[in-house]
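Enquirer: Take the two lone chains, each set in its own frame, and fit them into one complex as the hints suggest.
Just so you know, the protein sequences line up as chains A and B, in that order.
The opening position of the first sequence corresponds to residue 8 in our numbering, with each subsequent residue numbered one higher.
The opening position of the second sequence corresponds to residue 177 in our numbering, with each subsequent residue numbered one higher.
Relax, there's no trap hidden among the hints.
Capping the alpha-carbon separation at 30 angstroms, the derived lysine-lysine pairs in DSSO-like fashion look like this:
no., chain 1, residue 1, chain 2, residue 2
1, B, Lys910, B, Lys475
2, A, Lys278, B, Lys1349
3, A, Lys410, B, Lys975
4, B, Lys1019, A, Lys130
Covered by chain B, per the in silico footprint, the following chain A stretches (three or more residues, Cβ under 8 angstroms):
no., stretch
5, 123-133
6, 157-164
7, 167-176
8, 192-198
9, 213-225
Calculated directly from the structure, the hints in this document are not laboratory data.
Being a predicted model, the structure only gives us computed values, none of them experimental.
Built from N, CA and C at the ideal position, the CB exists for glycine as well.
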Amino acid sequence: MKRRTFLQQLAGGSSLALAPTALAGSAGSTIPRGKAENCIYLWFGGGMAQIDTFDPKRRGDPKGRIAGSAYDAIDTAVSGVQVCEHLPRVARRLDRMTILRTTNHDVIDEHGAATNRMYTGRKVSGTVVYPSIGSIVNHQLESRAGVPGYVLVGYPSVSRGPGFLGSRYGFLYLTDTRVGPAGLSRPTWLDPERAQARAELLEKVRQSTRERLPSEHPLLQYDDVIGQSQELAAGSFRDTFELNREPAGLRETYGGEFGQRCLLARRLVQKGVRFVEVLHNLNFVNGTGWDTHNQGQLKQHLLIQEVDVALSALIDDLEQKQMLDKTLIVLASEFGRPAEFDGGGGRGHQGSAFSTVLAGGGLRHQGAWGETDELSKKPLSHPVSVADFHATIHQALGIDPHKDLFDGDRPVPITDNGTPVAELFT
Amino acid sequence: MRVSRSKFLLRLLSKVSAGILAALLTSNSLGVEPVASWDFEGGTAGLDVVGEVVEVQGPDRSVSRTLAEVGRAVSFSGDGDHLRVADSADLRFDHGDEITIECWLKCDSRGTNSYIIGKGRLSTDRENQNWALRLMRVGGSYRISFLFRSRADAEHGEEYHRWNSAAGISTGPLWHHVAVSYRFGEPGSIKAFIDGVKSDGRWDLGGATTRPPVVDDAEIWIGSSRGGDLGNSWRGAIDSLAIYRAILPDDVLAARVDFGDGPPAVDWGEVTGEAVHVEVFNGLAGHAWPRRVARAPEKFQVPALALVELPPLYDERGGRVRRAATMLRMAARVCLPEGEHRLLLRAPSLARLSIDGTQVVELGAYDMSSDAHQNMRPQVAPTPYPRARLGSRDVIVEFESGGGEHQLVLEAVVGRDSKRFALGEMLVATAPAGGEAWKLLTPPVASAAEFSPLGMELYRREQSEAMLVLADARRAVARLGGAGVWEERHLAAREFIASLPPLSVPDLPQGFTARNPIDHFLAVKIHASQQEAVAGNPHALLARQSLAILEEQCFRCHGKKDKGELRLDSRAAALGAGESGELAIVPGEPDTSELMRRISSEDEDERMPPKGDGLEADEVAKLREWIAAGAPWASRSSGVRVPPALDDAALLRRLYLDTLGIFPTPAEIRDFCDDRSEDRVQRRVAELLDDPRNADHWTAYWQDVLAENPRLVKGKLNNTGPFRWWINEALRDKLPFDQFVHELVTAGGGDYEGGAGGFRIASENDAPAAAKAHILGTAFLGTEMKCARCHDAPYHRSKQKDLFALAAMLDGRPLSVPDSSTVPASFFTRLGGRKPLVEVTLKPGVPVPPDWPFEEYTGEGAGAGSESPRERLAWQLTRPQNRRFAQVMVNRIWKRYFGQGFVEPVHDWEGNEPSHPELLDYLARDFVANGYDLDRLSSLILTSDAYRREARLQPALSESERMFEAPLKRRLSSEQLVDSLFAATGVPVYSEELTFDLPGTNQASTFQNLGRPTRAWQFVSLASDRDRPSLTLPRADSIVSVMTAFGWRPDRSEPITEREANATVLQPGMLANGVFGTWITRLSPYSDLTELAVMAASPGELVDQLYLRLLGREPRPDERALLVEVLAEGFEGRLMRSVGEYRKEVYVPEVREVTWSNHLSPEANVFAAETEKRVALGPPVSDLLEPGWRSRAEDAVWALVNSPELQFIP
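Okay, chain B solo, but in the shape it has when bound (with noise of 0.2 angstroms):
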């Protein structure tokens, strides 16, 4: 909104905004007043908003002494959101005039060229920027952006010239000003400000000119340009922008911010005698001791002077941001003895130690090269305390204590803008003068803990835990701010549902039982195929074996679809003909038959199906001889036995490994085992869906399908940021499944952070939202477009428009086909006249706007017009109307627990009908009508009769004989296998770091650090493509090898649901044989089974507890027997020392000197393969055992985890 001055100022006298005021008393004193000004005091009011801009708060005295004491600000979504303003002649800016634009920011931006302002440009096709005031993201910084297109003339046509500013700001939570300053035809004249600060710049594009910019009466557009194109959007907050028609004095510009004196003093008040208090200043300018820091740090305790980790930072809607720069200061009362003190500071870089109020200590700042040809660090003698970790330093000195209380403070400043954050290790440590008994600093009341390896081990889990509550309070309270809105939808869905037509559960037939309406749909099925008169069809078995290779090799195409119009899944349909009006089928002349004829031909065109090699010999000869017998059609599901219940111990495995993907505890067995109450599988369901670790067994589950792919190294092809911590995190936090998926489409949060924005990241890829596109389809749709993506498929209905229209509702853009993926025109006159199977109807270039393709699935109608087309995209995917995707979900769901799904395949249901399309329909309207609850579908299945069953033992071939009497036998995945073996013998997870570059030398994107992993899914692939031995991890390599082995894939480019099932060589080649097997297996003083071994009181109470805890059952007697007599010799003498002596260890990692920034020296390679022999050994063994005792009990566990029983779920 344009006011005049008056008014303007009138406005501002009206509200409380006493520092805008000052500031335009300044310029009004020089006879400078803008001429368009914004001061958002309103909010948006008056205001011609298109999209979604909302109230903010504003910058305050906080910030800048110049500033009011409160104020609003607007901010933007980034997603095309902005603010429309008239064209006037006093904004019309031409040769020789002079323009200043200013405004306070905080940026929150992802966009490469960012509008705040700008005249002109305002849709794809016009070129005419008369003017703009933009940020240019280079890395991580935001530069000062000034941009306009000169005027034709006789010499030059029009072109763009672009300034940019060499100093920018960083995104995160401060506000910064900024300002620009241009003569139009003098180049030279430009000027740029940040926070008071002048800033140098060059001319780049079309370059310096002296020529007059393009005017026209075009609108001007804030936040936004180019028809909202998303890389042009800004996102963020904003606050009194201004526009004059001069250039502001040098003076003037700088004395638009006063910081003060730098962050705030401690506040002593909030410091206790018990604990260390930590803030956590973010969104630092750069790497230096800051001017100035954001208002509000993050505040917590730790036991210690020493931080080893930080919570991740949120966003405003609990997803995972990047932290940059940042400010660490740790405040502490601690008592130090009269007397010398030796302090030691260790620290990333810029760090200081103050007692007192006196500093005593510092290191400065430390940058280490990204650059790979550094040398190894020194190796050093051995010293009393451990070595600091790979990019961080340390410094002592002494220090003379009257003794009493001292009041310390440790600041380092931390992150860059271009690198990803690495803490590293920040502490203080003192030892007395003399003495080498080193300790970390503690306030007086907490336990001092031992400056010693095992020590800080010991300190960093305990840290480790902390800040995962810490994480788990933070998202709870991030979340709260949008749960009414989830609560209305969910209100709404429950109305929705009760408008459809009932759906009755189905009275129970005669002789079944049931224990809710699962059982009584699933028996009325089974009731109908046991009534089916088998023995009155002597050719019963024939049929029903021929019509299940009709039904799975046929029906996809010669089904519903009829392709060359014929059916092949009714009789009186197979015994027509189709296009080439020869007969399928003839009863009792297969020589006749067309459909013998061409599933034997030779001739590759003619042979059916199409693709692959044919049907198997015994396959065709089977349909042979059932066309012999006349084609006889018959249900090929008769007369199914219900199997009897599993036994309790059984159960109980089953209900671990399907919810938290372990195995359970032999206390946790003899507890269920010994509870007869009625609703014990009910609270015992309702618990362990409850346990955080139902997260973790599913985060495994949605990185398959949703193709979470992230590298240690360089992206390569569809690598991802590492979304895992989303996908975690939601699952912990039990969002509503519509909400899941709302945030997967929509949130941002870090791409390489762990944010959901990760999923949107397909590296290497030429069209990543289309590969997205594809990704949503499968996972959320059942609608597989794969073959879309270059052309229309031959087997789908898809069309590549469809892919690209929801691509482009990705994008919040039109996309269009990339002319690397499609099918070049001349491939198609190559085919002369005939008639192609697959067609290209999308041409590359042609862009498609965003659109909901599948209407088929939920009517027509969308949601409110402002929205952006990915909240469409959204809220297209979870509506309660789009009853496909509940019915998607539920048969994933389904298909976890009972091994198939009613739909099969899941993520593919074109032309494959459900098995229990009433089930289904009721299982999908119970989950919308409550609120997309996963658990709550989740604990429908698991207390069900039919899931108490034992289990099938072979999968049913076809959707009419699936008949879910029971699951199915399912052997382990990987990740409960290793996950349930480290459980159960209380091994750690023994894995390095995941991380080629411990300093943080690089950027994220590149370079990633995914943690010290304590689950299967926390694992990455370890591949560097460099074959360099100095990139390895031997110890995650080991266990990697054996998830890899058992069907985990270290890339995971292509979104799966199922994996591939075979059976090889290398699964109990890799569990027998390698590193993994000998920690799980050895009597190590890491492991629970030593302490068994140790403290049974015979060989066979040994032998039962290993039962119990590997196979989760006691032994039959022969195998009692057998592995007693293994255990029986020497088991008197067994113990070397007393029982007394036993004590768990605790395995504490060795401090890594090989990194990104010196593994190409060749002693990095020497002792990268050292490491690797070393790793081969395994964990020391038990020295309390006699080793020869101590062997045979480890054959005995070793032949429990390689026996087959052990690779599968009861």
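Next up, chain A with everything else stripped away, as it sits in the complex (with noise of 0.2 angstroms):
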């Protein structure tokens, strides 16, 4: 018996019946991996509405209540294909870009629960604790020396946890691109010189501990970790959040908070960084965010421009720096949004089609893939599950979206028999 195959079926079990196609390992290993060695994962926690973003339709009329596209649409650098007229630059770049316009699941009245679902790919289980996609890449993609694999920028939370792999691939967070990640800054009201002070008093007592310890003593682990913790709160990788030492000129390019944290991105991928997720939904100038009910629709348009501005501006720095082909860019929300407009003149949730961006990553983009139908509101050609967006981001990053994590005794392919979309990377 084939013990190995037999768990691999098993542990994809549950959507078999729904993929017949796919058995696993099959379809992917035909399509040849991704090069891709960083990823960058921007969420717009809220549920960005794509019928005003990246899918515009025909134009409705949010105090008449009728239903479409709160904007204009243009033309992009991919004859064919349109977006928002608060997108010039990012339309200008689209031939880099791939909008998966078909992305869809069946979760939309609650937002953790949404959430949940695009971190991990999968429903819900009783028994098993999923670990987010930036804990699988971090797990999968070794971690380079001195780094961590895995940086969100933004709040921590459940959804984006290791799961069942375990605390150490877990994330470090910050909420200030000032401060630095928690846990591993130096108080913002600790001088240097006082910091180093207490540093070498540490050592000191360190030290004396040391000496008198056998050596299979687990102090000793712990002591060694402790050094470890110093010399990333102090060493090199504290400077790269130092954003002061890129150019005024190129700071500005990146525009509001939104985009100095995607030019902290960059800086933590160049300095080795596998994963970092940058969270937009942090300064709320629309009062919602992406979370545009009621009045949150009124200066969604704000929320757009800066987007407009902070992507094209990391897609022209990886550029310069020849990182866009090794570093995926992936811009995500829990779901999209309906065409018709609420009561107060902003939208509801929609999870059956909404638009998740691919760029750079050295894939043979698309400018937009699948279609939805005259509304936005379900596909038409190329559905693209969850779990396919998780598989064509793993392929994209060479890591085979069927391989089996183990959860204990239990197998657990990465995806949940997702199929990357393999016209990227052809």
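Expert: Written out as structure tokens, the structure is:
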């Protein structure tokens, strides 16, 4: 009996009925592995309205409650593909991007649940706590010396956690680009001289402890980790967070705080971090962030413009540093929003079709992939499930989407039988 | 029981039940009499009882003036218990017939459609409801629900028709009268009365119909239906149930109830001049001034007219339950000097203040919206008194006093059925006209409390402590009720143990010391290992190392379980062939040994062990070397050295951490070290186990093991209620552990209020009971059934059916595997003819009846037949014949103190042998024979000689190597670390109150408030999954992030016993750099270390004190010199002012302005972001100390806090 094959199939079992062609291992194997080495994952929490951004349709009217896009569409560098008028810079760079317009899932009513689906790529299970995509990448790609594998610029949450992979594959996080990651940044009130004095004092205390202990003493292992931690907080990794080391002109092209986070992401990737996640939901320029119910819609264009500036700057910057082919940029949110307007002039939630975006990463970009119906409600062609979306990201990073991870004894394939979008790889 | 009219009247007359009589006479005068009625004056005597229906006190004149002085009623448990009534022609209702059903009831229900009474539909496969009166739960309200099934005709099939009232009753101590009337065939004829008030309603399901009902010879059940389904079973009391073949007139039904004039007047005889008298009337019908209240309010006293916390409300078994709408009344005799006063009334909603019988001010109803799009309240100029907590409001009035004593009554209505109960602030403060010296109003003798931020904080703390005492006392009373039952059970358990073949304590081998039998058992194994002739075997070391690898990696399947017909746990077996026919080990020939081929294979289908990436290269090399050497066999544990005893200070630190979870204080260390008496350890252990903080220490453990997993915002996967409060209180109350498990499994209490009922919730889970059965298996039976959720496990014996049978016991009804968690059949067809490793033996949708699947642990036999499935489950888990349970518990406790169990892993015993089977049995017998007393078990272990020795440095790799010559060197848990540092520095637990919904605008099921934490176990995941700055609690987060780094799980969706033990860079990082570290190490006005620094006579004394507090020992000379050097400079001039000006300050938290209902406003996000920045700076520094010296002293503290030694238990 081929035990391995069996268990592989078993773990993916629950979705076999839905995807009859995708026997484990068979679909992905014919697609060439991607060569990207890092990933910058931009998260638009709240639910970005695809119809107002990357999948424009006929104009509607929020006031008159006529379904449709809130803005006009413009042409892009890819013929036949349009985006909304507030994304002019992105439009000019769309040849380096692919909008997956038919991303879809069946969770709509709750942000937390849909977020969990997008991060883990799976339905919740009563028996397995699944790792986030960042933790899987951190687990699969060897981390580079002296830097963590997964950094989150934003708030921690369980959905972003390592699940059964264990805490060493979790994230370091920071909520303020000026401060640096929680736990590995000196407190803001501590001046460098005093920090130095403290560190020296601690080193002396540690040394007197070390000298007294036998070599197998577990305390020495912890002591060693203290040393590594001190090094991270004081050494060259710390410098990565000093954005003022970048030319002022470049900093300006990235724009506001979200742009600065993107710039930091580039610096982190440059330093060797494999997976950097940046949340775009920080200062609520429109009151509600991307969760554009009611009046949240009124100033949504400001959010979109912010993205236009930051994303195009990031692409240019990576390109200029010859890092774009090695760095996959992903833009995702927990769901999209319907063409119809609610009573307050905003939009509800829609999981049946929404846009995610891939850029760079050495992919054969298509501008847009998949087509939705006239009001962006349902996929008409090339539907991309969340598992497919994950499989595409893994494939781009050279990770086999069908490989098994182990939750104790239980094999769990990296994706839930996802199939990469093959056309991006050939 | 049906009785004829004359008999019924006779019975009525023979009992004192004048109220019912009066009611009946009214109807009789109209010529209407019941065709069946039950007054329960004789309890259940003469009735056909199924299950447990008990007699209770009925409603009386204190409820309604229409009732008798005393009376009896019956109460149902909600577990499917019911009364059976035979069919009769009188009780069959057909087209055109009129029916009225009425009764008094007290609702304690949880079911969604609880049957009061119904004819037909008695099993899940019968759809023959002639009529039924039920209560349907909608939110927290229970609506009158009338149900019948229509007959099929040419145009229609059979259908259910249900009418629900718009008004409802709530759970709680109040009796309610309900009635419903209907004429079959006339849908408009339906009407319902609740407490004498007519309610609207509407038809649903099949809708209003003129069609006739199904009529047959089905029985009538009272209290349940559909085979005892929990969702259809009534929990609560019923009295004076009657059925009429008529529609009773409105005025008759209205006259059934006469509540009188509302709540009773204040009894001023109860109000002393020394304290404020508080009465809490629970279970109001709604958020309004009540027409009536329950007869017996909760009563207690507080020092001022200010209430900021209530004790938990407990049910009759001591479980926390929900407070719904409640009337609070505070009465006091207060002296107000002659002249003008200003009075400030602060309350959450409806409130009124009267003085000497005259109302002087009131507040109207206030219902903050639950919608999240509200604005923040205006930021106003500071007031001389503290700003109201969000959700409470102020009103100020002038009052002129003629001087002398006044009678003040402050009343308020708090709580709504649809929302979480939030007391907010309820108080009266006063200031003289024109002055700003605000004080809380107090009776004359008590000292007046300042109505200032500090004054309120002190008052709040005092009240909090008082409520804790009150709560302890109330539970003690509640638990007295069942005490006798447990005494009997424990007597029987002792007899059972006495009936077993004796187990004797072995003699102590020469040269060993012992303090109790534990040491005898341990010494025997250590002695044997020392006797072994290691020297005689040149390959002893190699053999031991190799066998350790086999034991760790292979024995699980190739030990007793002989997977593939191969065993590797003895040399003879290992040299044989397995299923494949290949020889596993050929001595001297690694290349022909199948074992080498399989462990080195590149083919994932071939490689062993089958999971993960296989053995490490050095392990493979070691086994190769061993086989090449002839595969010598040797015991793996020869010549164990017995370590010396710990010194006193270190032993005390170990004891404190193992019992209270915190460091001992310098005074406690000194006391212990100075105590030379023989029994000092025994006495200290007894004191420590008796300390309520012992419950805090263990609460964290059971939170992990039982997967307690509440959330502040809307449930996600496997969220539970916060049954942490139940765990903690059960441990505080020293519940015998069998009773603990019994309550966990059977007890209710509020699901979201902290009762054991919260254990049974698993949000987003498609089979919550199965998830819970899995937890019970790992926690109490050492049986892992995780795989059995979806398929029979490849590595375990337990079948899917076992898990679901256990789950069905817990749920009290048959359960089936949901479609969403099985392996689809299509998967197996794909395998072709191959034999699968796992099997699905239970098809989704096939019901599994409640059944105990583990007779191997307990032997046959069960509890009495009348018990509910849940009761039977609790009994099976804990009865003395279940030897596994006691052994699993002993193993768990042992592991806590020694770092490893006799059996590892403690939650999954299958295929794993105990290292000390006799000792395990001995301790388990002792545990059972002594009433499942955890403290006794702990005390035995903690006073053993072995426990007192210097720690073993590395874990034993296998059961044969485990000697327990000493406890293992262990790291502090997150909770121990955080609690110890708070305790050792006296720094307040500076966290915010753990809630995102301060005023209680939402239900507890979606928004919890877990209060202001005082111990680490009280924290909870702060994730909102919304990435919004306004939904952050930065102070709490600074503590939670340290705890998370050190292994505490913000998400406990799965039960675990052992946390991740890896040291990560975030651990020292969080402690060194985070806000928590800043609070702990800063010489702030809130830290005890500031006092040390101010008072120290010399730098050396300060260093000694810091070492004692933080590391529990005196510094060595070099360590002392190091820190003295830092502190000596500027020591003399360190004080900026005189010592006499030192006082420790009380930390007063900010009044929070952001809550769920305003968190989406842009200002809220800005406000929150600013708060976060402020929090990052930490507390203020003490202005008593010169800044340069203070900084160096803080750095010295910081170096000790961050030293590796602090991370370990001695």
